[in-house]
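Can you join these two chains into the complex? Each is in its own frame, and there are hints to help.
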Amino acid sequence: MAPTKDTMFRSADMCLTQLYIANEIGREVVSALGELGVMDFRDLNSETTAFQRTFTQEIRRLDNVERQLRYFHAQMDKAGIPMRSIHDFNNPFTSPSASEIDELADKSQSLENRISSLNESYETLKKREVELTEWRWVLREAGGFFDRARGQTEEIRHSLDEDDAPLLRDVEQSGHTEGADRSFSVMNIGFVAGVIPRDRIAAFERILWRTLRGNLYMNQSEIPEPIINPETNEEISKNVFIIFAHGKEIIAKIRKISESLGADLYSVDENSELRRDQIREVNTRLSDLASVLRNTKYTLDAELTAIGRSLAAWMVIIKKEKGTYQTLNKFSYDHQRKTLIAEAWAPTNYLGVIKSTLRDVNDRAGLSVPTIVNQIKTTKTPPTFFKTNRFTLGFQSIIDAYGTMKYREVNPALPAIVTFPFFFAVMFGDFGHGVIIFLASLAMIYYERKLQRSKLDELFSMIFYGRYIIFMMGIYSMYTGLLYCDAFSKELPIFKSMWTWNDNGKGPTASRVDGYTYPFGMDWRWHDTDNDLLFSNSYKMKLSILLGWCHMTFSLGWSLVNARYFATPIDIWGNFVPGMIYFQSIFGYLSFSIVYKWCVDWAAIGRQPPSLLNMMIYMFLQPGTLEDPENPLYKGQAQVQVVLLLTALICVPILLFLKPFYLRWEHNKARALGYRGIGESTGVSALDDDDDEGQTLNNGRESFGNDEDGIAMITQDIHGEEHEEFDFGEIMIHQVIHTIEFCLEGVSHTASYLRLWALSLAHQRLSIVLWDMTMRIGFGFTGISGAIIMVIIFFVWFMLTVFVLCIMEGTSAMLHSLRLHWVEAMSKHFMGDGVPFEPFSFKILLEEDPVE
Amino acid sequence: MANGWAPFIGLIIVAVFCAGAWFGSPKGENQTVWRSTLMLSAVAMYLMWVITFLAQLNPIIAPIRYDIRPEDEIPR
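The listed protein sequences derive, respectively, from chains A and B.
Going by numbering that gives the first Met the number 0, the residue at position 26 of the first sequence is 25; the numbering climbs one at a time, nothing skipped.
Going by numbering that gives the first Met the number 0, the residue at position 34 of the second sequence is 33; the numbering climbs one at a time, nothing skipped.
Warning: the hint list may mix true and false statements.
Stated by the list, open to error - Part of the chain A face toward chain B, derived, beta carbon under 10 Å:
| hint | residue |
| --- | --- |
| 1 | 497 |
| 2 | 510 |
| 3 | 517 |
| 4 | 529 |
Calculated directly from the structure, the hints in this document are not laboratory data.
From the three backbone atoms N, C-alpha and C, an ideal C-beta is built for every residue, glycine too.
Looking at chain B on its own, in the form it has when it is part of the complex (with noise of 0.2 Å):
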């Protein structure tokens, strides 16, 4: 699994939104502001998952729970 793809994958697809959305903002006088907000948007969420991904690619610490063992067989 191209796992360590990922975030590239994410990037050209954010790339091509952010074109689409320099060419296909509707015109007129809020065009410059339809652009910003689209594409910074793209590039905000894009980064916030980007990391999210990337700090669980290589996990260091793997999740503990106690409380899912029947009580009995909880090993004392």
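Excised from the complex, chain A in its bound form (with noise of 0.2 Å):
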């Protein structure tokens, strides 16, 4: 069997394959194909748990490993060192041998205990440096209170022991440096001093008066400079306080207060003396602690700039090493013969290149047993897979985000990589909008390299993903912008004008150049005119019906395609026929109409030309008949549009009826000679069934022989799907929804491409306000203020043009041309009920997770 060429206009051929192999290079063999990225493992232990698999323990293990990786990456954000990005590694990341996995694993063991014994130290010298900073601003403020408080002990002694003291005592006693000297323990006052969160303090002063009743004598001042907590590294802004209150108990309930309330408590010294000493000291250990956390920082951070150099490759590594056995846990395991079993989806043109992948790795690894490459038949869908470029991503991801593509049916993707952006084009045709985003997206083509590096944000993300489509978009929007004659709303006089002035070129009426046609795009004579949105938008409107016609009709040719490649006969005559004559015979003649109507010199036979929308109502509604008989489109125009209208009529019950009855008579039919679906099969056990099968149709599991476990491991495939039995009452109602469906949708459909003339009337429209409102104005000035006016007005409309007409309108309009083609165009061909094709790709991988 020779695969055909795999073209973007069908999904890739597949095949189910089977590979077995020696255990000894599973993950050898799993990591190159990982490479390759062309293989979609099938899940052969869905029944076992994540817990229970082969390969778990390795899991768990890499698992750990990409922790720490993690954990290094924090530190590094938190100490604000780069890691080197993943973009400036010249290697590309060759898969690592299971040593250099051990290497790796051992190595990032002990740098985790390295950095994290390197970070405990830290943040134990940093939390001794803030009580040390704590204590310092303790000592130095409560020196204030208590110089402050000095002053005042006789006061305080006095009220203490009120009742002999005599009354000229104070006067006596005043002045005397005795009393200073006295201290407070003398006087059997002590004192709490300590710091506490700024916003603790309101509290802590409640919490204090209420229960001891107002008996103590409470200081407090703020620290002007925030103090940072280590562990978190949040600033807090602290106060110093000092309590000074009578008795030992209290002095004690006062502790308990503070210290619940997470308060610092400090001893400090009331003797000044003491107090100097203490500063100084605390000063001299403050700067000693310091400089060695100058030094721990700096090893900190020599060896988390160390680990930055080559973090990202290991990340990348351990993401590839843990991806090859999440794949390896999909794989059977033969505990007699050692070997693993894997079973994968492939495209049929990348099976030489996987053979030979997998022979270089057998003869890397000097293993005589080869890896044996199996075909296996199947019954089950493929998944439907489309190899893309840079090109056609950005058109196969739009269809594909519709539905994934039934295998091998013709991929909409492809027409869609011009219909798309034209579609796009005919409502954002502007010459001068046009070059912009074709320049756009030249840039972002030409810088393609660098801007995939670069982080982008997400809404530029998603445009330089559709970078492509943008550009065929510009190019399209350049060709329709002259074609309607715009640039930037202005017009494009490139040809001779078919029209000329009446009276000497002032007008106001115009005679046409006798014999002439503006021979591309419309006359820019209609620019500015005073009935120019009646012509445009007639024109403009019969436009988007015709494109809309070719279109639909284009789209519904593919219907035929796709029957004739599945080769069902009575899709083509139960649905594409019917449904083709139908559309032709109303739509096809609406177009016909327009056509002809144009092509008629209705000033030259001297008739008056028919409305085009009455004719298609009477057609309708009194057929036989038209608005003015006097006047006919052409000559028998009644006779033929009865014919037309019942030929559509006829069409309906045949689309509704044909296909039912014809698989109802098939199925009678094979019935009859005695065939029965496998579901019904009597006698024979479905196990039984498929195991002839699989023994019939692969010769690879002779191998096995009568092997219990290989076989049960074999037979779990192929009886995944079950062939549906025939229900004529749902296929009825399958064909009645589609009939009513297709024909609704003729009408809807046609009425819906209108939004072709709509959003491009509405975009001319938007950008001649703009001129008027910006440029126009602009250019009224004179002289040097109008030389600057004009640069500020030419800045405001050029932003506004990007901005509003470029990006705005141009997104509105793709919209609408993804609207069309996911349901106008889409309805008329596309099965959509297929699998997506998710290969094991590292490239995928690391995409989807990326190291940064």
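This is the structure we're talking about:
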């Protein structure tokens, strides 16, 4: 079987392959296939949980390494050390050997220990530093309190033993130095000094006041600079407080309260000399600590920088390794023969590459047992796979966003490469705006590589993803802009106009240059005329209908191609032919009438052209009569219309009944001959059935002999898909829905294409309004100020042109074009019940979860 | 002037272009994309042009513009 070349027209030809891999090289094989990225491995252990699988141990180990690497990354983020970008590595991260992975795991383990111990000591030191700083503040501030309090010692004392105090004692003692020397302890006044967060100070005061019934003297002051908490790295502003109170119990109570409120208490000596010594000591300790801290930090940073140089590469390696083992877990493991058995979907065209890769791996490992690749025949639906490139990727994802195509059906993305941007351009038609988006897309394509590497924000990355779509849009927009004769809403007088103004160029009416039609696009004379909308609306409306008709006929044609490819003639005779006749006899006729009406020189034959809208209405409501029987579009119009209408009507029952009844007839015929569906089989059990099938289909399986395990493994894959039972009612309902949809859609979809007209009208009008509101005003000024105003106005105009007309209007035109493809076109032929191809590929793995 | 023949001349040009695109597309795995894109582009562009051309072949209305006449000459 020589596979045909895979093109974008149909999804790639797939085959289910079975691999027998020696256990020793399982990892190497899978990682080589991951680099290749063309195999979609099936899970052969879907019944076993994640914990029961063969390689769970390895995955756990790699998870741990991954966690360590993430820890390094977090530490680097915290320290502000940049990681060397993944793009700066030259080597393409070829899959490492198992021993290298072990080495990496050990390395990251020891590095983690080192980093965390460094971190720990750094944190302890930092905590110590904070404590010392706080203590210094307390000492400094408390000193102030003491000095102030000392002056009041006497008052305090007096108030304490007021009873026997002589009145004059006060006067006597004031000014005495002796009083100042009296310590608080002598007076049995204790004190508590410490630091508390500022937001708690109010609560703290209140609680103290209430519990001690006001028997305290509290002083506090704010620490001007915030204290950094080393654990959370948050800044907290704190207050120093000192509380004087009487009695040991009260002091103990105060201590307890302050500790419970999160205050840190520090010992302060009341003697100012000692206090000074304390401060000095704290300062020296602080400076020692600072140098130690600096050293620790330096070592930590050096360590992290060293890690940062290769962290990205390690992350990639570990990710790949993990992906490899996760894939290996999908394999079935034959314990007796020490072989791994894998099943995977792969494009037939890649089988050669796959085989040679496997051979390479085998040779490298020096293993005598080759890896066996088998192709299995199966009734399962193969996954849908398209090989895309930079250019086609965007278009393919537009279609894939709607639904996954059926395996081997016609790919609507191929024509959409042209039709999608073209319909966009019909709505966006303006030469100037087309040039802008074209240049923008060119720039994105030119700087492709650079932009791909840099981190883009969400919106721009979306635009960048669609750069080739925008490129095509730009080309077609320039073309349609030329046809519409619009450049930033101004006309483009390329050729001689077909109109000359009457009355020596003064108008207001114009007459046609005899026998001359403007050769390319709209005549520029229509610009700024008083009746240009009358003309351009009629033109654009008809343009939309005609383009819509072409697009729908084209799309309907793909259903014929599909029916022929899948060899279902009933779809041709029951769906395509009646559908096409129905569609053409109404909407084809409308399109024909539009073109015919244009081609007749009504002025020359001296007749009034009939209105096409009324013609269609009369065709349906009063078949056989015309709006104006004296003035037909052509001779015999009434009769032709009756015939067409009847043809269309006849097609409806054919569309409705032919396919379901044919299928029923076919089914009954098959049953009459004695065929039964697999599900209804009598006697023979389903398992036996499959078993036989398996033996005959695949020679490779014979190597299993009667191994129970092996047979069970293979058979489970085949009886996954059951033949659907024939249900006439269901088919009939399906067909009724299809018929109703198709007949009504003919009308609604044709009307839907009028959005081409509406959006292009809106776009043109908006750009005219923008020009009139900005540039035209700008041209009104003269002189220097006029020049300056012009620059400003031009800037405003240009910005609005880019953001409103190009980006906003462009987005809306794109969405409308998208709808025309998804709904109007794809409903005509798209089946879309496929399974997406999800290959095991390191490239995809890293794209989904990028290392940055 | 063979005005009415222009669409047919255009059709021949497009047909020739399509034939050229079919045979001249670069060989390789992207040949289908090249062929389809070039041919469909040609057809789509031709359609749009021919529709625009036909719409003006026998125009029923002519442009009217009042603001080209000098102010004092506007007939009241």
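Hint by hint, which ones does the structure fall short of?
Of the numbered hints given earlier, the structure breaks none, since each of them holds.
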